[in-house]
Amino acid sequence: MKQFKKIISTAIPLPIENIDTDQIIPARFLKATDKKGFGENLFRDWRFHKDGSINSEFVLNNDSFSGQILIAGTNFGCGSSREHAAWSIGDYGFKVVISSFFADIFKGNALNNGILPVQVSEEFLQILLNTVKENPQSKIEVDLENQKISLEETKTSETFEINPYKKLCLINGYDDIDYLISIKDTIETFEKNRITI
Amino acid sequence: MEKTLFDKVWDSHVVTTIKNGPQVLYIDKHLIHEVTSPQAFQELENRNIPLFRPKQIVATADHNTPTIDQHLPVKDELSRKQLEQLSINCKKNNIELYGLGHQYNGIVHVIAPELGITQPGMTMVCGDSHTSTHGAFGTIAFGIGTSQVAQVMASQSVITEKPKTMRIIVNGKLPKMVQPKDVILYIIAKLGTNSGTGYFIEYAGEVFENMSMEGRMTVCNMSIEMGARGGMIAPDASTYEYIKGRKFAPKEQEFDKRVAYWESLKTDTNAIFDLEFTFDATDIAPMITYGTNPGMGIKIGETIPTTENESFEKSLRYMGFEKGESLINQSINYVFIGSCTNSRIEDFRVVAEYIKGKKKALNVNALIVPGSQLVASQIKEEGLESIFEEAGFKLRQPGCSACLAMNDDKIPEGEYCVSTSNRNFEGRQGQGSRTILASPLVAASVAIEGKIIDISTTF
Ligand code: SF4
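One line per chain: the protein sequences are A and B, in this order. Take 1 as the starting number for the first sequence in this note's numbering and just add one per residue. Take 1 as the starting number for the second sequence in this note's numbering and just add one per residue.
A hint or two may mislead.
[Said to hold, decoys possible] No more than 27 Å apart at the CA atoms, straight line, and that leaves these computed lysine-lysine pairs for DSSO-like:
id: 1; chain 1: B; residue 1: K92; chain 2: B; residue 2: K75
id: 2; chain 1: A; residue 1: K184; chain 2: A; residue 2: K2
id: 3; chain 1: B; residue 1: K162; chain 2: A; residue 2: K167
id: 4; chain 1: A; residue 1: K192; chain 2: B; residue 2: K75
id: 5; chain 1: B; residue 1: K19; chain 2: A; residue 2: K2
[Claimed, not checked] Some chain B residues flagged as far from chain A (calculated, every beta-carbon gap over 12 Å):
id: 6; residue: E96
id: 7; residue: L174
id: 8; residue: K176
id: 9; residue: E209
id: 10; residue: P305
id: 11; residue: T457
In case anyone wonders, no lab produced these hints; they're calculated from the structure. C-beta atoms are modelled at their ideal positions from N, C-alpha and C, and glycine is treated no differently.
Generate coordinates for the entire structure from the input sequences, incorporating the hints supplied.
In structure tokens:
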């Protein structure tokens, strides 16, 4: 997994609540057997009309906005556990997703793919969305080591929570398999000692 | 210390706790299917990591599979390749696969319980969010992403934080026509789609105690629609009765020994939950959804709320509904009865009893998709097949089908489908499709009438 320490980037605002993983990547694109190319179909049915033409009203098709940060409404990533959602977000080029609330499985999937979900307060989310909407060139700094997110322009900032173990994994580019394999003996001892089942 | 059912099962599976961090939880059973496993196998192969406990993995093909002509090669090339990849991976790694055409094939959350794989006190995972279904047996069961599928393959464990506990109590007697699906749709509508995030739910009280195992599975299945990792119900006589005699159930004395252990799992009287809600069964009515998340549900006779919120309005626009509108008499052309929420024999008995001697409305296309081969056989044995046929319903072969429309069973753009599945997200049943979630009984009534009727007052 790639390391993650800090990024400074412009952002794309997507102020919709309860964005489910079926919207992030519709089921018909889940037929691949590898992890490549999912970015092409990220938010597919919002980006394109049914006849394949571009929906110019959708923010990803608006040239004024770009960047490695996606800012979305509350309860982002709910629904299906498909990790393809995280793969498509990563493959499209996002490194950070900001929301005021994340669904559990999505949060874990993102972290396992080196994408940082940053949970901010509802007020700060609105500040970020409004600032970016008004000035698409506004830069946001996400500093994982100090668990701090700031708006360069207004110097407003907020701290965010992250599990210390997960933080360590991201900063060092480790993943959970490395750790689990390193404790194989402990797992085997556990298996031998258990009384039930 | 007094413990909850969840604590008892969880604590007995903790391998170790990472300093300042999450816990390593041992997994008894790992279920896999074609869509979320290939990249996990690939990951392990790339890193040269062998599978740790292949005997604790069970595989099925369900998401992609066609529901007609299953004996023929799968027409869709990408689906066929994904299914083939699953067979190759299982063969290479000595994993039991109940693939297409196998007598035990079916939706992963239907087959594991009916084969007796799911048992109380276990931990189970699957790369599928509705793994929560298995909680009906007093099992800790939850969905995981593909990276975690690879972790479990490599170590039979997952790294995860212990969720908080929530108890939802429903006491009293359910009104006529109210089914387990209505109970869970009611709870989600009351609490909201993210109310359960970070929690594991225990459902308790008379309503769940009196509920069949099929009904309990329907309820636990949709725990994820509240954002919860999973939901569970304490094992009791109904649980043991259901498991007894099933293929992988413990036999004879071993069974009795297990029952004694399973009995000990119940939540202690004074155990404390982080959060608790109580509902009155008599307030529950047949439910339907009107929006694009499962929390947007109303009692069938009620009107759509008049909430002022951009996302809410966007959702109604997608559905083609208005604030304050009633859905009674809304014309419906598609009805889907199936999915891991409602495709067990009990669901089809309810439908058959309702439609017996009636005919579906001319405008309706009614699809019945059993959850498994075993359910399909039972439908035949019990004579339900001819009831469906005479009523004009199409009975298909098992699979996920129109629940997520990865195969050919899609609802056309702009059409409404009253569906017994669990998700009404935009485009879930096909691009542009509009899903209305309901119980099998409500779905059956819609198929007969060709429109939504209030079954709670009609009969
Ligand atoms: S029936 Fe639907 S919800 Fe259930 S496992 Fe299949 S796709 Fe998922």
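Here is what the structure says about each hint:
1. A hinted pair counts as satisfied when its Cα atoms are at most 27 Å apart, and K92 (chain B) with K75 (chain B) qualifies at roughly 25 Å.
2. Between K184 (chain A) and K2 (chain A) the alpha-carbon distance is near 24 Å, which keeps this suggested pair within the 27 Å criterion.
3. For a cut-off of 27 Å, the pair hint linking K162 (chain B) to K167 (chain A) stands: about 18 Å separates their Cα positions.
4. Note on K192 (chain A) and K75 (chain B): the hinted pairing is violated, with a Cα-Cα distance of about 47 Å set against a maximum of 27 Å.
5. Our distance criterion of 27 Å between C-alpha atoms is met by K19 (chain B) and K2 (chain A), whose separation comes to about 23 Å.
6. At roughly 18 Å, the least C-beta separation between E96 (chain B) and chain A is larger than 12 Å, which holds for a residue marked as non-interface.
7. Listed as outside the interface, L174 (chain B) is consistent with that label: its C-beta sits roughly 28 Å from the nearest C-beta of chain A, beyond the 12 Å cut-off.
8. Every beta carbon of chain A lies more than 12 Å from that of K176 (chain B), the smallest distance being close to 32 Å; the non-interface claim holds.
9. No Cβ of chain A approaches the Cβ of E209 (chain B) within 12 Å, the least distance being about 24 Å, so the stated non-interface status holds.
10. With a closest Cβ-Cβ approach of about 15 Å to chain A, P305 (chain B) is found to remain outside the 12 Å limit, as its non-interface label requires.
11. Under the 12 Å C-beta cut-off, the non-interface status given to T457 (chain B) relative to chain A holds; the minimum distance is some 32 Å.
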